[in-house]
Amino acid sequence: MAGSDEVIVKEGVEEETVAAVRDLGDSYKYGWETEIEMEFAPKGISEEIVRLISERNDEPEWMLEWRLAAYRRWVEMEEPKWAMVDYPEIDFQDLYYYARPKSMEKKPKSLDEVDPKLLATYEKLGIPLKEQMILAGVEGAEEAPAAARAGERKVAVDAVFDSVSVGTTFQEELKKAGVIFCPISEAIREHPELVKKYLGSVVPQSDNFYATLNSAVFSDGSFVYIPPGVRCPMELSTYFRINAENTGQFERTLIIADKGSYVSYLEGCTAPKRDTAQLHAAVVELVILEDAEIKYSTVQNWFPGDEEGKGGIYNFVTKRADCRGARAKVMWTQVETGSAVTWKYPSCILRGDDSQGEFYSIAITNNFQQADTGTKMIHLGRNTRSRIVSKGISAGRAQNTYRGLVSIHPRAKNSRNYTQCDSLLIGDRCGAHTVPYVEVRNNSSRVEHEATTSKVDEDQMFYCQSRGMDEEAAVALIVNGFAREVLQALPMEFAMEAQQLVAISLEGSVG
Amino acid sequence: MVTPAVSNPAPSLLDRLVLPTSGAWANDARRAALARFRDMGFPGRRDEYWRFAGGEDFAAPEPEEAPILDMQGEAPVFSGLERLKFSFRDGRFEGDLPALPEGLEVSRLSDAGQQDLHWARDLYGVLEAAGQSPVARPFAALNTAFAGDGLLIRVTGKVALPLSLIYCHDDPRSDAMLHHVLRLEPGAELTLLENGPAAARLNTVLEVDVADGARFHHVRAQGRDHGRRAITHLFARLAKESVFKSFTLTVNGAHTRNESVVEFTGDDAVAHLAGAAMGDGRMGDFTHDDTVFITHGAENCESRQVYKKVLMNGAVGVFQGKILVKEGAQKTDGYQKSQALLLDEDSTFLAKPELEIYADDVACSHGSTSGGIDEEALFYLRSRGVPAAEAQDLLVLAFLSDAMEEIEDAAIIEDITSRLEAWLARRRAG
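Line order of the protein sequences matches chains H and U.
Position 494 (the first sequence) corresponds to 494 in this note's numbering; numbering is contiguous.
Here this note's numbering = 1-based position in the second sequence + 1000.
Okay, chain U solo, but in the shape it has when bound (with noise of 0.2 Å):
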């Protein structure tokens, strides 16, 4: 056989990523994560789930320059809430762990082979590798095999305060990979925060864990610089009458895709994800991606999926997502929604909302629909005495409220109503 000559081969990000020394464990899992990585390689667009949106942007040797936002003295969201501040910049913990409240320990990741953290090794690239079938997420397997950085977090009772992730960036050119391993206990409670850019490119992994009973929140708002580029992945397993509750809000940001895989695997468990973006051409590009795959293995289980963007100027919305419903997982109970608002000639929505079921007692529906703005609504609000691009905003709102009503507690939804409010009203001064 005659091995093709490869003159000057393209330059990879891959030639570029040293594997980090964290420990036995973790270089264990690493050195298989690459292995995985190397199997799948990076995606083209003929990959059935980076059509609509390429990979190019996360595969590139060197992530593009995202020039940092001037905040113009803005204080960050979630600023106004009480909680247990863990800062990373440009993809680096800075500063030290604070005093932890009973029930929740934290180790760094970077930290983890000099402590014996069996129930860390029993997740770090576990749900990732379970969560590459039968869809393949090779950046998931590039992050576990090179992540920089990240955090170990048990939580083993109800922890009243919200722990908060904050990620800045200084370098405009940084490249950042973080990963977060999160067991909740039987009967554990923690809601977890996530603000900021951290980075000009970003690859995350989030691997959540919840054990019988326990109960988990996420909210997570993605940094404003516009030329930033993100890639995130969320695993979860959900054991018996666990609860998980994700929600993101993206608002600019030039690349962004969230990917999120949910397993249920005991029974009477709930799942709610949800995401609000919006995103205007004008002010940089915008493609915004929802990958979402939901497995139900277990009985009586429900999730519910609801995505909304808003799009105007060329901004581009991608909503994949799939309920699997496997053989005998009976009384599922499926709910998918995926809507967007284009608000002009130029911007473009593409979906795919698919279900996949193997078990008949089950309820699943998917609704998925693209419009522009409600003439009639808009004409009322106007007849009223609203002036037409401020009642074009509170149209807005109201269409990504039903996203926002996902989340539980209402100091989070009135933080992250305002910046959207704050957002369009900057978007009608400029």
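Isolated chain H (complex conformation) (with noise of 0.2 Å):
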């Protein structure tokens, strides 16, 4: 027989389109292991282990209490059974929270002093993480992935590797400017007041079962403030690399954009080839204050798992942005193409009158993977806006549902969102799907969902027809633009990513 693993791709979908989803499927590039000899906290999580974490950072007491309140409440806590994913029951006593590369036992107190092995390992990732490397540039890393490469623009990195960052470039120029940017466990001592004041603020200790256990449990991550007015002088990037085995990762990272400033910020992150499933569980809290923006990119690849299903990240994620003054912004940008199952719904909450909102997502699943992801747009402010485009592509085996909440409060006057969500499938043994919830309490709000496939906006197709193009070239033109509209949003270190998914197109989409 003609093999079975034969996907017969309806008509309509564009070749260009399955090719480079397939190629996603196909090779993950990231599996390798680094051989480094690691310290591991004795497995399982208990009180024990939460002191034990909080001991290895060096941290003062109230942080502690902190973290064993949330413990406390996790315990008490059930997994939620109501995101459209499939997973044997994870054991929490099974797995290492904390892993640290023995030559991080003294935190190197420069770059030049951090273990070559590790150095190397985000060479190969093409993150050079030396300042004279990024600046001299780095053989290989113009094929590399997400994040810092030289000669295009500076980007200040912090490199986390399984439990703790092994070190932050340009951290000196950006003080300069004013701006912090520097691992979470730093943050904890050199700015507690800071952290005491943010931490939680916008996910709350028992937000849910996994911010919780992230409360609890979380041993590093990035955290930035930029002071008032400033427009950080560089782009900031956070690159996650697990490489234990049987090892969860927990970080926490948390930016505050004070009054009128701005920041952009990138995410990366990878992991080996494992047979078993690995928990990856952070959380992400962004401050925004009055005329303040973040911009927040994610590039997810996370090991998918393998062809069969085995092993691959569990990706439970926490992501929530607070727009607490006036006028602030904040823009998600999210590429996910990684993780065995994902369950993460960056999120904000538009709090300041005329405070803006924007999730653009692209969320390519293959062979088993399953993904269930989108946003919420809480508008409580007068004049807030918010924008939703998300494009779902299932391919093999896998399922990909889109699920938001889009919510008007009654003191949210004159709001406005926008929302549109397209799926397409390639080959009959997948799914997608799309639960929005739509709540609106004011009838000076417009609230609109759609699906391209229903309704081409009718301004753009009257623009492209009075230049001159017939119908169908225009809704091409317009339709086709499916991953660009996403990936406009990325900045421009995710080029090279990017223009692998440039070939997908939304042509042939189920709705």
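If you are wondering where the hints come from, they were derived from the structure by calculation, not from laboratory data.
Simulated DEER-style distance windows between Cβ atoms: (1) H/D86 <-> U/A1032: 28 to 36 Å; (2) U/D1111 <-> H/E11: 53 to 61 Å; (3) H/D470 <-> U/G1103: 49 to 57 Å; (4) H/R397 <-> U/A1032: 30 to 38 Å.
Just so you know, even glycine gets a beta-carbon here, dropped at the ideal spot from N, CA and C.
Dock chain to chain to rebuild the complex, using the hints, since each chain is given by itself in its own frame.
In structure tokens form, the structure reads like this:
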């Protein structure tokens, strides 16, 4: 028989799209492992483990108490079951909550002191950490994945390896601009007033099962503070690498954009190929004050599991932005191609009047991957605006769900939301689902939810046609802008990943 | 194990209900339904499809009083149409069955056991039970178990006159459960009309089995008594090349939940579902909930949902619609539109337009919008000399007309439209 794996793709779906998606599913480029001596905390989770993590990070008493409160809450919570994902029960006592390279026992004073094996790991991933190397340009970096690429633009990187940050670049230069960019473990010691004020203020300690777990055991992550009126002089980025086996990664990111400031932040992540699934439960909190803006971009490329669905990362992440001041602005952009199971809803609380939230997402699932992802736009302030553009592509036996909430409160007069979700299926054994919740509680706001296939923007059509295009060509141009629409929102540094995805179009989408 | 001591358990609707005995096969179906219900229990606010508007009104041991509306001489809807009339008062059939044309058989549910209606036995509670998965509909199971009356209708030919179910109520505290079963044999055609409040609290189940090539049209106008509460369930199974169209008009009513569960089992069938609802909180509470679940289990079927709501003065509109396309249901054409027009600051629209798709060669679209009246259109009308209030009413009617277009019969559209106009005029006057 002519291979039963042969997928018959329906008419109308572009070949280029099929090839690009297949490519993503066939070859995981970052599946190698760094052989390095590691130090683990004992397996399992308990108050002792929470205390141990706090002690390793040299934390003050208040932080330990905060963690313990979260832990005590977590043991009483139940794992959420509402997402359209299906995975074997996780044994929370059968994984390591803390793993650090032995060479990191003594914190290196500068990047020069960092274990060469670790530096080599990031170089191989295309993330040069030594500033002189960055400036000189590193061989191979051009074919590299996300984040810092030499010769293009300067990007400061915080590199997280399993449970610890191994180094942060350009800290001095950023300091001159007043920007604080450091591992969160360092911020807890050096800037306790900022951490105390903002940590847990967007995602409370006991927000949900995984956020609560994270609050108890997070080991590191990045901290950013942009002072009033400062435009961050370079893009900031964190690169997360899971390396050790049977280890969960629990990182915490806290970014504060003070009044009138601006920062663009990028996040990338990869992990080795393994047969057993690994847990990644992160929390990201963004605080945006008056007239400030944060652009947060993610290229999520965790190991997705093999062709048979073995292994891969369970990516259960809570990301939330709080636009606290008037005219605050946040933009989430995510390109999701990795992880065996994804459960992630980067959200915007539009509290300040005239604040603005945007969410652009491409989620591509192959083989046995499952993604349940989307966003929440909570409109509390007047004249708040939000825009959601979500594109889901499913191939193989994968399941891809968009789940979102748009909530307009009575006080949020004259608010506006526009949502567009499109899905494309490649082959007849996968699934694409849309679960949007819309809650409108005043009449001066407008909320629209639609799928491209049902309606092509009439203004765009008119424009194209007035320039001499026939209807068919105009529709093709508008609809085929599928991936581009999301990719345009990505910073330059993601251009390489993006190139793979530009070939993807929504032609032949199901709704 | 220690069983927790229950002191003074809350009175339950279940304690008050008595299983009717209406014949051997129906009794079995009722007992099975009661077991189904006991497994599910009454829904709580944490149940996914009861988050927006809870089921307390329908689960309360006794219904809230619903004062009888004075129609002030207005003839009920559909009265101008020639039709076959079947009347129910406070949930009981009244009078005799009318003479029936060829191709139509009608019996009362209460007589079912005395006749060998094997076609009805194969349907009663069967489509309801099938419709319990993947989403539980506990009040439908409760209805199958305890329904006090209803009709068993079998259509074997093309019936020219519409069959009209007229629901009246005299008792402001009546609590009615009606259960109708309808079977359209291959090639048969029927239009079913339903109108009136029926009871202070009404729970209905309508199971419709549409065989190959048969056509079923359904138009319903729910009573406009302000205090009435109703939960209705429509379960339909559509065979090859069948056509199913259902439209519901709702104005007033403290709480209405209309659940429609449609499954395509044969290829090339068509289902259109539409609803127009209008509620003014100034006249009394108004919560209106359309919960729709369409399962495409066959190829090349078309489903269309058009739901429109006009809400004002604290009225609450809910739309929970889902299109499920099963593996292999290729060439499905699914369309879903839910829109709300909010006429003031206090009203609420809660929607969940859902898609679940397991077939790649399909087109499913869903659009949901919510917003106030189009100020530019209003300005245009006013600049042409139309007074503001009338201009607004015109825009409201235009907004609802989308849903009305799903009705096939022009006379019915006209009848329904005139009801809406009268309602708007009364609102303007009052």
